[in-house]
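Peer 1: Residues per chain, in single letters:
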Amino acid sequence: MSTKSGKPKNLTKEEESLLQDYSRDLSTKSSALFYGNAAIISAVPIWLYWKIHQMEPANNYIYFLLVTVVTTYLISFAYKNVKFVLKHKIFQNLDNVVQDEKDKKNDDRSLKKKNEIAEFEATTYSIFYNNSLFLFILMVASFILFKNFTPLFNYFLSMGLSAGLLALFSTSK
Amino acid sequence: MKCVIFLLCALLANVVYSETVVDELEDAKLLVAKNVLNNYIVEGLNLTIKYTIHNIGSSPALNVKLQDENFPAEYFEYASGFSVAQWARIPPKSNVDHVVIVSPKMPGMFNLTSAVVTYLPSEKASKVQTGYSTELGEVYIQRLSDYNRRYASQTLNWILFIIIASPSILIPFFLWKSSTNKYQKSKKAKKSN
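Residue numbers (our numbering), protein chains in the order written: chain F, 1 to 173; chain X, 1001 to 1193.
Certain hints may be false.
Said to hold, decoys possible - Simulated pairs of lysine-lysine, DSBU-like, Cα-Cα distance not exceeding 35 angstroms:
hint : chain 1 : residue 1 : chain 2 : residue 2
1    : F       : K112      : X       : K1182
2    : F       : K29       : X       : K1105
3    : X       : K1177     : F       : K112
If you're looking for bench data, these hints aren't it; they were derived computationally from the structure.
This is chain F alone, in the form it adopts within the complex (with noise of 0.2 angstroms):
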């Protein structure tokens, strides 16, 4: 029996774009867009601990930085996990919607139109949906469950509870 050669089989462009299309590795666009609008939502609340839960930046600097770096990896690890389910529905929600006279005979350039249109429209629900569940789950963390902490526990609770529920949900179907 012949062993096997060390050398690894030779993809074409076709296939890589075939596998990029169909597995959870995001583009360098995406993964770009995904960590900012992480970083900005995760940032947003420090407004709020700052100027209604009455913590001075100037002495808490160093607990903002941590929590929003935890939470920009828990937030886009959600943006990552919710888009690729939602591409896949999408793209076949999609139709023949693109397809036109002249493209009836090319389907890959069909096929690559509908993947481009539901990686836009997976990517914006995803960004659109996990913030405003991070949100909604922020408010009722911070000013219901747990309003009698100390303003340092709430932070640090409110921002965990709401990444971490955030990532936990996308990972479901």
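Add chain X to chain F, keeping to what the hints say.
Peer 2: Below, chain X alone, put in the same frame as chain F:
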């Protein structure tokens, strides 16, 4: 006989008592009430103290001096009024008020004791009388941040938070919606064709 002696004793006691009461109220007698007019005592916010001096005697009180050393400079700042107030004369059966506004410099427990009032009980008196006001006991001075968190109006802060947070929600929503609507319209157009 016993009955007569008893009646005589009762009459004598009444006369002595009446004379004693008259003697007590002949001179001025000052009663001082010290009240805090705030609902909450908060670091950095004004605290209003009102002193009311009642002269329940029959003579005017002279050279009245009210002094309160409860608000030392390292813990309180006087916003209005002074720790010492003087009146040349407080007429009988009347009262006067003195109001002081201070601002606590730091939070924590603080003991508010009595103010001291000194006066001459009559024009002939040479010996100064000393009296003490009611005391407030231990009070808790809240931190300003705790007070603001509980009681301050946060309407403007909530409005600003909504303005800051809404782009993160509305922009992705409108982008998604516009894309969905565009391809829904295309789908309807093709179906009708």
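Peer 1: So, for every hint listed, does it hold in this structure?
Peer 2: Hints, one by one, checked against the model:
1. With a C-alpha separation of about 18 angstroms, the suggested pairing of K112/F with K1182/X holds against the 35 angstroms cut-off.
2. The straight-line distance between the Cα atoms of K29/F and K1105/X is roughly 54 angstroms, outside the 35 angstroms bound, and the hint therefore fails.
3. For the proposed pair K1177/X and K112/F, the alpha carbon gap of about 21 angstroms is at most 35 angstroms, so the pair holds.
Taken one by one, the earlier hints fail for this structure only at number 2.
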